[in-house]
Amino acid sequence: MKWRCALFQRWLPAYLDGESAPFWQRRFEAHLTACADCRLETEELQQVVERIKAHPLPEPEPAFWEAFSRELHLELAHAVPEPAPRRPWLRVPYYLLGAPVLAVLLLWFASHLTLKPTPVQNAAVAAATDQLVYAGMDDGLWQGEEFPSWDVNAVVADLSEHEREVLLKRLRF
Amino acid sequence: MTDPHLVDRAQQGDLPAFEELVKKYQKEIYGLACRLVLDLEEAKDLTQQAFLQAFIHIRDFRRQSQFRTWLFRIAINQCYNYLKNKKKYGEPTDFQEMPLPSEETPDDTLVAEEERRRLYAALGRLPAKQRAVITLKLEQGLSYDEISRVLGGSAGAARVNYCQALKTLKKHLHSEDNHEVAMRSIPAVAARISRR
Ligand SMILES: [Zn+2]
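Just so you know, the protein sequences line up as chains A and B, in that order. Under my numbering, the first sequence has 217 at position 167, and the numbering climbs by one with no breaks. Under my numbering, the second sequence has 503 at position 172, and the numbering climbs by one with no breaks.
Just chain A, with the same shape it has in the complex (with noise of 0.2 Å):
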């Protein structure tokens, strides 16, 4: 395969989408009138794509949802909003700390009435913590990948000093 092909091939699906830049969106085209491998490789993907949008999930029964709700709902009851980050623009009205403390006081006075957690319990409360997942996460998500790494530099590697440096400056999005 030629060079230009196979970084042609590489962004067909951007150019699928026409998310690519208007720059290599012409070249797309251009390059594309011109050889048949690259429109049949176009094509295929083309198909893979509608493949996808014909084939979404089966809806799920009425009943699903409904018991999905009822028992999300008995999760949500029993959870309590974690504070916002602590803002030093952010001042809750006097008159709105009244409602927290009563519950506070009420829970004080509710764990006294109850008996204390079993050592069992704690441990389920530490798994369930354990399980959270915090959204605001760092968590490198791409760190790790086992995608094959897009190596520029093995398919433009036949290419002049001057050449490779104009193609790697267009490259960049």
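No lab work stands behind these hints, which were simulated from the structure alone. Watch out, some of these pointers could steer you wrong.
[Stated by the list, open to error] Under the rule of at most 25 Å between Cα atoms (straight-line distance), these lysine-lysine pairs were calculated in the DSS-like manner:
#, chain 1, residue 1, chain 2, residue 2
1, B, K375, B, K358
2, B, K354, B, K415
3, A, K103, B, K354
4, B, K354, B, K418
5, B, K501, A, K103
6, A, K103, B, K502
7, B, K498, A, K52
8, B, K417, A, K103
9, B, K354, B, K375
10, A, K103, B, K375
11, B, K417, B, K375
12, A, K103, B, K355
13, B, K415, B, K358
14, A, K103, B, K460
15, B, K375, B, K355
16, B, K419, B, K375
17, B, K460, B, K498
18, B, K415, B, K375
19, B, K419, A, K103
20, B, K354, B, K419
21, B, K358, B, K502
22, B, K502, B, K460
23, A, K52, B, K502
24, B, K460, B, K501
25, B, K375, B, K501
26, A, K52, B, K501
27, B, K460, B, K417
28, B, K460, B, K415
From a predicted model like this one, the values you see are computed outputs, not experimental measurements.
Starting from the known structure of chain A, arrange chain B with the ligand on it as the hints suggest.
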């Protein structure tokens, strides 16, 4: 009511407002989870967990992104965590658990269902994150920029991964389809498939 209104109220602890948001996005989040973990029961559980996490952390949501994108991120983190644990404990992913046609499906839709099965099998062979990127792009209609907000990394990385994912899927589909042709040439196997 718009998302910002509902989020406002949910941040003040208004559960019905949050449940309205759940109703609005449950289908998308469930679909995403199904695609990621390839197990309908687990997907339901993970969807509920994602909403529960969203509710607990609702006050961390600072409107730098859309609420929907924020939800996707939580859901994907839940699924990713689940898959990581599953991998750690050595349970194989079984895409056969994905829905298949019932016995009384007419013959012509059987062909379509067979095609669906092969598509799901091919998707099942992709790494979870490639499935995520394909689902977010093609089913949820996110731009590369939005995908990068969900999955982290740059919009450029999202584009590279989408291109790579689609090309890998094409390869897997090709081998699934070829496998199917080979199977159909064996009468006993073909008969078993058509009975499905
Ligand atoms: Zn070409």
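Subject >> Hints not upheld, ascending by number >> reply: Those not satisfied are hints 2, 4, 8, 19, 20, 21 and 25.
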